[in-house]
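**Student:** Spelled out from the first residue to the last, the chains are:
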Amino acid sequence: MDLVSISLLISVVLVVLLGSGVWIAIALLTCGWIGMQFAPGSIPAGSVLATKIWGNAASWELAALPLFIWMGEILFRTKLSDEMFRGLAPWLRRVPGRLLHVNVLGCGIFGSVSGSSAATCATIAKIALPELKRRGYPEMLSLGSLAGAGTLGILIPPSITMVVYAVAAEVSILQVFLAGFLPGLLVMVLYSGYIAVWAMLNPDKMPPMEPRMPLREKLRESVNLIPCMLLIILVFAVLLTGWATATECAAWGVLGSLAIAWWSSSLTFKAFWDSVMGTTRLTGMIMLILAGASFMSTSMGYTGIPSALASYVDGLKLSPFMLIAALTVMYIILGAALDGISMIVLTTVVVLPMIQKAGFDLVWFGIFLVLIVEMAEVSPPVGFNLFVLQTMSGHDSNTVAWAALPFFFLLVAAVAIITVFPQIVMVLPQLVFPG
Amino acid sequence: MLRKLLDGLYLGAGYLAGVFLIAILCLMMALSIGREIGLNVKSGDDITAWCMAAMAFLGLAHTFKSGEMIRVGLLTDRLTGRAKWLSELFSLVMAGIFIGYFAWQVVVMTYTSWLINDMSTGVLVVPLWFPQLGFTIGLVILFIAIVDELVHVLAGNNPRYLKEAPKTAEELVERAAQSGV
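Taken in order, these protein sequences are the chains called A and B.
According to my numbering, the stretch in the first sequence is residues -8 to 426, in order.
According to my numbering, the stretch in the second sequence is residues 191 to 371, in order.
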């Protein structure tokens, strides 16, 4: 069989398996096995499978993944989200859009201790959604900004999605983390800017001003934000002083989170053990997908499909912007069926050679992919953030999707901005890793 | 009796994975602080890597049973009755075949390391089959869990890993945290 028919066969099998609800990791293993049957020469598929996956799983770098997951698991069992709202609200009285900015800032801060977008969205929305509704803020904007800002969980490091990408693309986890900061700020500015402009254009839809609060009281309300801020500072301090490597700073983060949970007296043995078991389940799920993906990408490598595709795309002489635009459209379509992690592991094997050939940096492309996954999170039919907000608000999926639409377009704008100005992504990693 | 034994096996392996997670945390802290106070944990990075592999794979059966393996529900969530049952059966057969194949290959790999007395190549030299044991056992238990579920579904039941939609905000937050996306 020639390469085109092999690729077609594998794609059809993959679509059929995924569509019929076979677990993603299993579908990847199956396709990897099929690819192996067409590999030139006689490669023992079975022993490649076993040794390759053992080599990938027993990895010092990957050990950061369960620890970052654990950190989030501990924190979302604390009262952090209640405190976030009360601590931020008093400072936003004079900003156009007022308390609606709590959604963006709260998610941004929680995003810098959590690596999951659905958890960030759910944690902040649990408090902010009923509170904003009670005070008469426009619900559509409140829902939309929560859906959009929740996705900051994966853009602002630590981020589960970034770890998965870094492993799949074989780039440094720390570099991808560093690259996420400024784009994270950019997205926050875009969201807050939109909220502010909307509020200035529609003053009649905003509720009356909150009463003034004396400075001393403002500070007292914000005291509860300090532990979270300290945790963020701790993680970066140990990293920058060289006390810990990028992997070890995850362990410091876990200790810090345990300290916060203990300080807010929510650290019972049950909560602790629940967080441990939750972490092992989530890690296992991700690791099995990564295992399937690494087998599939090895087998694809043997067939030669990715490099042939890369040369073909290279031969089309697309401008880099055209290529990124085409990939954006492709990923938005994929995002309608797949979750972020699956989308990344499924496509890196074929897309990365083509991206490298076109002269893009793999760290930059990681941030691009994270932004794309964020779009998928806030667009129907499988966007998890939409599902979270739908269940919490009691509105139907169309209403929530409609509310999130402006924030979807702001993410598209963010992709355009980082494509035109790649320095926004690259400046921090290049500062820390010169050359 | 058999039911209790199997459920105990899945949960027990899951607990063991939890212990390995705590071990990873302790090892990393020991490495990080040890470097400052001049205490060298011999081959700490290798041991951490082995704990990682053991942890990720020992917890798999429990993860599978809790219904937390990602799949695409776009079409199958809309199925009901017999069609739904058939689609679950198909997924379980595919999972059984390929996890069975995977587990078998890993057993062969570990057995070969034992047979040829393969040694690890770090500062700490141990027979390689020993750290490979967690990885191997985890996959074998996952295979048992899948066959167990397959037998249950073949008997005409609905799979036990299917979850109800969350009802309260707390349940939803819990579910969101477990989704990993």
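Hints in this document: simulated from the structure, not taken from any laboratory.
For clarity, every value in this text was computed on a predicted model and none was experimentally measured.
We treat Cβ as the ideally placed atom computed from N, Cα and C, and that holds for glycine.
There could be a bad hint or two in this list.
Claimed, not checked - List of simulated lysine-lysine pairs, DSS-like, C-alpha gap at most 25 Å:
no. : chain 1 : residue 1 : chain 2 : residue 2
1   : B       : Lys357    : B       : Lys232
2   : A       : Lys196    : A       : Lys124
3   : A       : Lys261    : A       : Lys124
4   : A       : Lys261    : B       : Lys194
5   : A       : Lys209    : A       : Lys70
6   : A       : Lys124    : B       : Lys357
7   : A       : Lys261    : B       : Lys353
8   : B       : Lys357    : B       : Lys274
9   : A       : Lys308    : A       : Lys261
10  : A       : Lys43     : A       : Lys124
11  : B       : Lys357    : A       : Lys261
12  : B       : Lys357    : A       : Lys70
13  : B       : Lys194    : B       : Lys357
14  : A       : Lys308    : A       : Lys70
Claimed, not checked - Computed footprint of chain A on chain B; a stretch qualifies when at least three of its residues, placed anywhere within it, have a C-beta under 8 Å from a C-beta of chain A:
no. : segment
15  : 257 to 270
16  : 292 to 299
17  : 303 to 310
18  : 338 to 350
Said to hold, decoys possible - Computed list of chain B residues with no C-beta within reach of chain A, every gap over 10 Å:
no. : residue
19  : Leu192
20  : Asp197
21  : Gly198
22  : Leu199
23  : Arg225
24  : Gly228
25  : Asn230
26  : Leu250
27  : Val363
**Student:** Now tell me, hint by hint, if it's right for this structure.
**Tutor:** Each hint tested on the structure:
Taking the CA atoms of B:Lys357 and B:Lys232, the gap is about 50 Å. The hint is violated against a cut of 25 Å. Between A:Lys196 and A:Lys124, the direct Cα distance comes to roughly 13 Å. Compliance with the 25 Å bound is thereby established for this hinted pair. Only pairs whose Cα atoms come within 25 Å are accepted, and A:Lys261 paired with A:Lys124 is rejected, the gap being roughly 33 Å. At roughly 23 Å between alpha-carbon atoms, A:Lys261 and B:Lys194 fall within 25 Å of each other, so this suggested pair holds.
For the proposed pair A:Lys209 and A:Lys70, the alpha carbon gap of about 19 Å is at most 25 Å, so the pair holds. Proposed proximity of A:Lys124 and B:Lys357 is supported: the alpha carbons are some 20 Å apart, at most 25 Å. Distance hint between A:Lys261 and B:Lys353 is fulfilled; the C-alpha atoms sit about 22 Å from each other, no more than 25 Å. For the given pair, B:Lys357 sits about 23 Å from B:Lys274 by alpha-carbon distance, which is consistent with the 25 Å threshold.
Using a Cα cut-off of 25 Å, the hinted pair A:Lys308 and A:Lys261 is violated, with the two alpha carbons roughly 59 Å apart. For the given pair, A:Lys43 sits about 52 Å from A:Lys124 by alpha-carbon distance, which is inconsistent with the 25 Å threshold. Taking the CA atoms of B:Lys357 and A:Lys261, the gap is about 22 Å. The hint holds against a cut of 25 Å. With a CA separation close to 21 Å, the supplied pair B:Lys357 and A:Lys70 stays within the 25 Å bound.
A distance of roughly 29 Å separates the Cα atoms of B:Lys194 and B:Lys357; the hinted pair therefore is violated under the 25 Å criterion. Of the pairs offered as hints, the one joining A:Lys308 and A:Lys70 is violated, with about 54 Å between alpha carbons and a cut-off of 25 Å exceeded. Taking a C-beta to C-beta cut-off of 8 Å, the segment 257 to 270 of chain B contributes 9 residues in contact with chain A, enough for the three needed, and the coverage statement holds. Under the rule that three or more residues need a Cβ within less than 8 Å of chain A, the assignment of the segment 292 to 299 of chain B holds, with 6 such residues.
Coverage of the segment 303 to 310 of chain B by chain A is violated. Counting CB-CB distances below 8 Å, 0 residues qualify, and the rule asks for three or more. With 0 residues bearing a CB less than 8 Å from a CB of chain A, the segment 338 to 350 of chain B misses the requirement of three and the coverage assertion fails. The claim that B:Leu192 is not at the interface with chain A holds, since no C-beta of that chain comes within 10 Å of its own (minimum 24 Å). Distance to chain A confirms B:Asp197 as a non-interface residue, since its nearest Cβ pair spans about 15 Å, more than 10 Å.
Chain A leaves B:Gly198 outside its interface by the beta-carbon criterion, the shortest separation being 15 Å against a cut-off of 10 Å. Residue-level check passed: B:Leu199 sits 15 Å from the nearest beta carbon of chain A, beyond 10 Å. Consistency note on B:Arg225: stated as away from chain A, yet its beta-carbon is not over 10 Å from all of that chain's, at 8 Å minimum. The Cβ of B:Gly228 sits about 14 Å from the closest Cβ of chain A, beyond the 10 Å cut-off, so the non-interface label holds.
B:Asn230, annotated as away from the interface, keeps every beta carbon of chain A farther than 10 Å; the closest lies near 15 Å. Look at B:Leu250: its CB is around 5 Å from the nearest CB on chain A, not clear of 10 Å, so calling it non-interface is violated. The claim that B:Val363 lies off the interface is violated: its Cβ sits roughly 4 Å from the closest Cβ of chain A, which falls inside the 10 Å cut-off.
In summary, the structure is inconsistent with hints 1, 3, 9, 10, 13, 14, 17, 18, 23, 26 and 27 from the numbered list given earlier, while agreeing with the others.
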